[in-house]
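**Student:** Below are the chains, spelled out letter by letter.
Protein chains: 2
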Amino acid sequence: MSWIDIPDGSPFGADNLPLGVFRHGDQEPRIGAAIGDQIIDLAPVASAELADVFAQPTLNAFLALGRPVWSETRAWLLDLVNDRDAVEPHLIPQSAVTMLLPIEVGDYVDFYASEQHATNLGRLFRPDAEPLLPNWKHLPVGYHGRAGTVVASGTDIVRPSGQLKAPDAAAPTYGPSQRLDIEVELGYVVGTPSALGKPVSVEDFHEHVYGVVVVNDWSARDIQGWEYVPLGPFLGKSFATSISPWVVSLDALESATVDLPAQDPPVLPYLAGKNLVNYDITFEVRINGHLVSTPPYRDIYWSPAQMLAHMTVNGASIRTGDLYASGTVSGTEQDQLGSLIELTKAGREPITVDGKDYTFLQDGDEVTITAHAGPIGLGEVTGRITPAVS
Amino acid sequence: MSWIDIPDGSPFGADNLPLGVFRHGDQEPRIGAAIGDQIIDLAPVASAELADVFAQPTLNAFLALGRPVWSETRAWLLDLVNDRDAVEPHLIPQSAVTMLLPIEVGDYVDFYASEQHATNLGRLFRPDAEPLLPNWKHLPVGYHGRAGTVVASGTDIVRPSGQLKAPDAAAPTYGPSQRLDIEVELGYVVGTPSALGKPVSVEDFHEHVYGVVVVNDWSARDIQGWEYVPLGPFLGKSFATSISPWVVSLDALESATVDLPAQDPPVLPYLAGKNLVNYDITFEVRINGHLVSTPPYRDIYWSPAQMLAHMTVNGASIRTGDLYASGTVSGTEQDQLGSLIELTKAGREPITVDGKDYTFLQDGDEVTITAHAGPIGLGEVTGRITPAVS
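Protein sequence lines correspond, in order, to chains A and B. The numbers in full-length UniProt numbering rise by one with no breaks, and the one at position 84 of the first sequence is 84. The numbers in full-length UniProt numbering rise by one with no breaks, and the one at position 250 of the second sequence is 250.
There may be inaccurate statements among the hints.
[As the list claims (entries may be wrong)] Using 30 Å as the maximum straight-line C-alpha spacing, the simulated DSS-like pairs for lysine-lysine come out as follows:
| # | chain 1 | residue 1 | chain 2 | residue 2 |
| --- | --- | --- | --- | --- |
| 1 | A | Lys165 | B | Lys165 |
| 2 | A | Lys274 | B | Lys165 |
| 3 | A | Lys198 | A | Lys137 |
| 4 | A | Lys345 | A | Lys165 |
Just so you know, the hints here were simulated from the structure itself, not pulled from any lab data.
With the hints as constraints, model all of the structure from the sequences given.
**Tutor:** Dropping the structure here:
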């Protein structure tokens, strides 16, 4: 790769080649592959069949082509980057484009798959009880989020307003959330759909899932706390979910595959399988440029193959463009927690950001989450908080 | 209307004219209006602009045109049906077509807006506590369902399998749901989208919502019971939600508008407004042709305008094709309950269907829900249970 200058520490080396959707000037959005700090504009260099697919404003048409085409395309891309004559005329600096939402999201499901996160929240919300609920180790707990408010990295996040009620207040009030939070998550992007009524087995994970993105599932803890019993989170989450622009393929992540932690009690047969994948990915969370946490994904309890099998065990179908996320990723150490509610013990123990006490997000704050699996980078998801509208 | 034969009791008189998507033989799906037991094939009789829109396989492009076009189109249709020369060549018997899903569903939200239903479930699940939770009269409780498994009326419903756990069992087992249920609901179809970060006020309900469908939100109570704490219903609901094929416009329903029941305690200002609509609609639920319940919509606690304002108060945007449903509609009488779990007191007190004791749905059973607002019919949603796949 001597001919392309890939900066040291770039997330996008010649063996990663994630796909994303960019807008260059006033041209129509289309699909590119990242390499270093450049983009390969794929439509003009691809075969006739794929040229149409890469000229689309989302990855969905490509994702719908399925695993054999994904693998062929990856092999082609790995070769292509060595062909200076073919590629060089179609390189565009990443600094010259706007990255857009890479997929048209079908359904968005959010899991709750980090034992450490679920335990931390249990201790905060139910201090006198077992922190994990009885179902937690039997199934990957999840719920549906709002697909229509999954937004591209860089989209401003308007502070949400809604009903807030302190535990000792007689009635709720209306106002801007005072406990606006982040959730650091890994998101899985579905390519190949399944038929209604036909569960997807854990073994078929790689047939259906194309790759991953970094997710920041913004959360308003005060809105959530008042609304969520008995039907779960709704407006405390639905105002925005930001995702990173580059979809990193499972193929590129293969070197980062690790075994799942031991699962005890044993899971039911539909969740069991050999070689259930997990990934050794580390996140870095920065608020206004200051590192506040480095959550590790590798110890997450549930495999994404188990999440997929569980999500479809009742016959629910999946569609191209569906997104399912891990839920907040937290490690065992204070500097590995994936949300401010955990980092600050529900706001009672501020952390220090840029020399100042810090609890929840303030207007103007910018949160950036990056992730990498060894040398394979996932890039970043970022968003800035703007004041509530009245 | 002497020239079209509209059978007595037809849901689709000349002042209703609901829109739906039909497939006729091997022709491409397109949009029609129902009248009596006929369909007016709209693309060939419409203006050039609307001809394209009515040749689409979903209503979404029409819905995106917004309230002024919806009103003009209704006025045009009300005139058109008097023009025998124009219409007669484009009538197709409903018996000759297959009705398809009328919309491409964006997000699907399910509310919980019937006080009687929420009270009944509270009594069943928490017999020693207040049946309504503290938030219930302050906000319309809701959650996101699975948009990708909203299916057309007539689609077979495969009995879902999943994790089941009796309260006294040590661990869950895997198997087909034994407590498969219906939920009788009214669904609201969004036409005009809103911008991210901009709440929709209760006054703007008619600007954004085009019309209604009948919803059967199939539910597996045993799967739901084990999974739903703390993040809400997921696989107990996500296997299928059936909707009726004909979307009845709010304009056609206007004669059925009624006032909301009094709301006490008073709601917060963002949920308050003059003339909050409700509708005097009655459902009829039949299992294998036998009438089992007639839930009344008119006493539902929350207006659909309030549901819309609440769903967006945090800045969440809505999209053309979004569907939001009322939640199960139950009246005060035993023969007005909108689910089998209520009709049978969680299976403890069977009802009689066709002379036999009946609790939850059996393989082969067909459930048909019809609804009408006086002479304005909403048509029907139907589905048959097929055995679980192993």
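**Student:** Does the structure keep A/Lys198 and A/Lys137 at a Cα separation of 30 Å or less?
**Tutor:** holds (24 Å)
**Student:** Check whether the Cα positions of A/Lys345 and A/Lys165 lie no farther apart than 30 Å.
**Tutor:** holds (19 Å)
**Student:** Taking 30 Å as the top limit, are the C-alpha atoms of A/Lys165 and B/Lys165 close enough?
**Tutor:** violated (34 Å)
**Student:** For the pair supplied as a hint, A/Lys274 and B/Lys165, confirm whether the alpha-carbon distance does not exceed 30 Å.
**Tutor:** With a Cα-Cα distance of about 26 Å, the restraint between A/Lys274 and B/Lys165 holds, given a limit of 30 Å.
Hint 1 alone, counting from the list given before, is not met by this structure.
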